[in-house]
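Undergrad: Chain by chain, the residues:
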Amino acid sequence: MMQNQNDFQRLWAHSWFRDFIYLAAVIAIWQILYGLRLFPAMLFPSMWDILKTLLDETLSGSMISKTVFSLKLILIGMGAAVVLAVILTTAAMFSKTVMDLVSTLIAVLDPLPGIAILPVAILVFGLGEDAIVFVMIHSIIWPMLLNITGGFKSVPAIYTDVGRNIGLRRFRLLWGVYIPASVPNILAGFKTGWSRAWRAFISAEMVFGASGSSGGLGWDIYMKKAYLDMDGMYATLIVIMLIGILIEKGVFRTIENGTVKKWGMVA
Amino acid sequence: MQIEHLTQTFTNGPDAHTAYEDVTISLEKGEFLCIIGPSGCGKTTLLRSVGGFQRPTAGRIVVNDRTITEPGTHCAMIFQTFDQLFPWRTVLGNVTYPLLAGKKCSNKAEAEAKAKAHLAMVGLKEYEKYYPYQLSGGMKQRVAIARALALEPELILMDEPFASLDADTRTNLQKELKRIWARSGLTVLFVTHSIIEAIGLSTKLLVLSPERPSVKLFADNPVGGPRDAVKNPESPGYGSCWVMLNDLIRH
Amino acid sequence: MKKTKKILALCLIAALVCVCFSGCGSTAAPASAKSSGTEGTADYSGLTLRLAAQYGMQYAPVYVLKEMGYLEQLLPGVKLEWDQLAGGSAMNEALISGSLDVAFMGIPPALIAIDSGAAYRVACGICVPPAELMVPANSGIKSLADLNAEGVTIAVPSIGSIQDIMLSTACESQLGDANALSDNLVAMGNADAYAAFKTGSVTAHFASMPYIADEQNDGMVSILNADDCGGGASIVCVCTEDIHQNEAVYNALLKGLQMAVDLINTQSDQVLQIIASNENCTADEARTYLNWPGTLYTEDVCGLTRLGEFMAQHSYLKNDFQGFGSYTWEGAMEGK
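Residue numbers (this note's numbering), protein chains in the order written: chain A, 82 to 348; chain B, 36 to 286; chain C, 928 to 1263.
The shape of chain A in the complex, shown without the other chains (with noise of 0.2 angstroms):
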């Protein structure tokens, strides 16, 4: 059977091989689409096009200053949220009381969208950055919490046995047992918390955008909307869509790689 492999199923077997003849499927559906006028060429430009905007905008300087300026929000969002998310998973685990004001925040306030409560922080917080960082934080949080806590909960017991047996309590039990157990979940927290930080920023900046001379891709996707500039606005995208795979494939592929494989702890 070996012999029978030719060059092809050789290469597919590499996950970037794949992943490449996925994308050249993907342009050319794209292309065939556009060819066959399905919808107005306004709308729906052709994929040349948007790749030649994309490589324009890049070369200038102007995407890239903006995907940084989103990048920067968007980690001081997270890790605002990540502070919050350990000090009140700490204190939950320390006091029922706190664990059931946790729950109950969560069941409340997760199902309300970013967009719902920038009123409020704009009132707060005056328009600018702080405004979209707290929108960005109210998203991020509730689901990561859910995440750790449940993680926390499902640990098995035996664990915690093991580990008091040994002398671990409180803080160094939480240390030394609870966070490396629920790893997993914690990963997943990270991730969901990941992506509706993209959410709610890009939102919040489409909303009411941000002054000043950058700005992120969410005002960036908004500027050309409102030029109807469909092939830059469809090249944001893809920057979104680029940005969102490297995080994925570099930082949280490797992150698992060196924890949750590594210990044979996937699920």
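Hints are computed from structural coordinates only; laboratory data are not their basis. One or more hints might be untrue.
Said to hold, decoys possible - Taking lysine-lysine pairs in the BS3-like style, the calculated list, with each CA pair at most 30 angstroms apart, reads:
| no. | chain 1 | residue 1 | chain 2 | residue 2 |
| --- | --- | --- | --- | --- |
| 1 | B | Lys210 | B | Lys251 |
| 2 | A | Lys234 | B | Lys138 |
| 3 | B | Lys251 | A | Lys342 |
| 4 | B | Lys164 | B | Lys213 |
| 5 | A | Lys133 | C | Lys1245 |
Using the hints provided, position chains B and C relative to the given structure of chain A.
TA: Chains B and C alone, transformed into the frame defined by chain A:
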């Protein structure tokens, strides 16, 4: 160690029942006590109570003049399940970490040296860098034993640790355990289903029963033989002891 | 074997996707304008007109058109679907994708779309509204130059809106640079902008009615109006090629709007009532709004050439300005 008037009743659920009632025994340091009995007589519950994992309904447990109410470093417990190792630590890490956590060793180098020695003792020297998920059940159990022994605790609690191992591994580990015990003066509480294992390893025997009285027998192991060896059918008094235990347990 | 299966699967997926999308595409084709017959006597019950407008005093003729039922009178049996879309760019997308027939918007979004190749054109105007740049009375801001600073935020309804463009024209004439204040702009709907302006979250608000009046009542002052920007500009009615081809419907649209405009200019109690109920104000307030300086209700299209040239010059449009006629259906009257 003294167990005084220990009673354990489980009241949650439709089948509330009393596992055991009014168990009183006393154990000197250095003894090897095998707890044996039919299923459901409360062997594991009793062991967990000594470990501090189970609050007794009545009575108390005293170890070294301290009443036991919660888990801690007063003993080292080897649980029945395979998966009692931390999956996020290597084999070596699983043995090193408790030493540092329980403050038995003051620095990493000391702890690692001790861990390595004990892993070699249970025959897992080449597997130090492996992660638990990569090991077989028997190997994981051996790591757990190495972990408990490395702590050099005064009291070791073992809950049918060799039950799921193959015969050869079991025999070897029994021999190893007996040797280590003889050398170190540990006190061991060993729960088992197997009469052969109970006779082979123990200096004292405790037979529990699901009927009343809960303690059917608490006595020295009558079978003779060297302290550091596993007693086998050649040892004097083996046969009659076996018959006696068998009668107690099966009826 | 495995290789051919994979390729087959990919082709199948591609085919499925095409089929799905072709299904979507055909429903977007405007099947609406197919009735015939002379207006007033024929039956238009097979006809559905999809229209969209926004809220604000500059859309008052649309309120009147709706409430008085002029289109229903002129096209008996016609079915009207009214939509409320947030801003010119949303309306543009709807018009281009074929899910809207008639829209009411400012001139800049219309020019941007037509310049990009949209198939619709301006049919007529409905109103030349006042536009004022409001700042708090005690802010010490007296002119555009005072606004040209870090941290200053000016709220406009959206980027590419008439307010945005008007501000740019004023910047060019007063500060010499059309983009002088573009870093200070924040896009917010009028209602949100009003709230933010009141609480001081934004420094200035380029407002339209009724917010101009409300803000003046709150003690804000105007530092710029339409005249400073070269004159007012119409809110226009645009319609698609299909509607334009259907003579009866097109004429009915123009006539209905003219009737609405005429009625407004009478300022009768009935009109004031209609405005009051739509704008949630009293009849007296409605009267004040109607008489605000700079307000003109007319079907003439004002300011298109001026704005068009400005926008083309400053790259808001991709191509040069092609002249009034290129952006309107024939018969549209050009105002001042």
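Undergrad: It remains to establish, for every hint, whether it holds in the given structure.
TA: Now the hints, each set against the structure:
Between lysine 210 of chain B and lysine 251 of chain B the CA atoms are separated by roughly 28 angstroms; this keeps the pair inside 30 angstroms, and the hint holds. For a cut-off of 30 angstroms, the pair hint linking lysine 234 of chain A to lysine 138 of chain B stands: about 28 angstroms separates their Cα positions. Between the alpha carbons of lysine 251 of chain B and lysine 342 of chain A the distance comes to roughly 50 angstroms, so the proposed pair goes past 30 angstroms and is violated. A threshold of 30 angstroms between alpha carbons decides the hint, and for lysine 164 of chain B with lysine 213 of chain B the separation of about 28 angstroms falls inside it, so the pair holds.
A hinted pair counts as satisfied when its Cα atoms are at most 30 angstroms apart, and lysine 133 of chain A with lysine 1245 of chain C qualifies at roughly 17 angstroms.
The structure fails hint 3 only (numbered hints given earlier).
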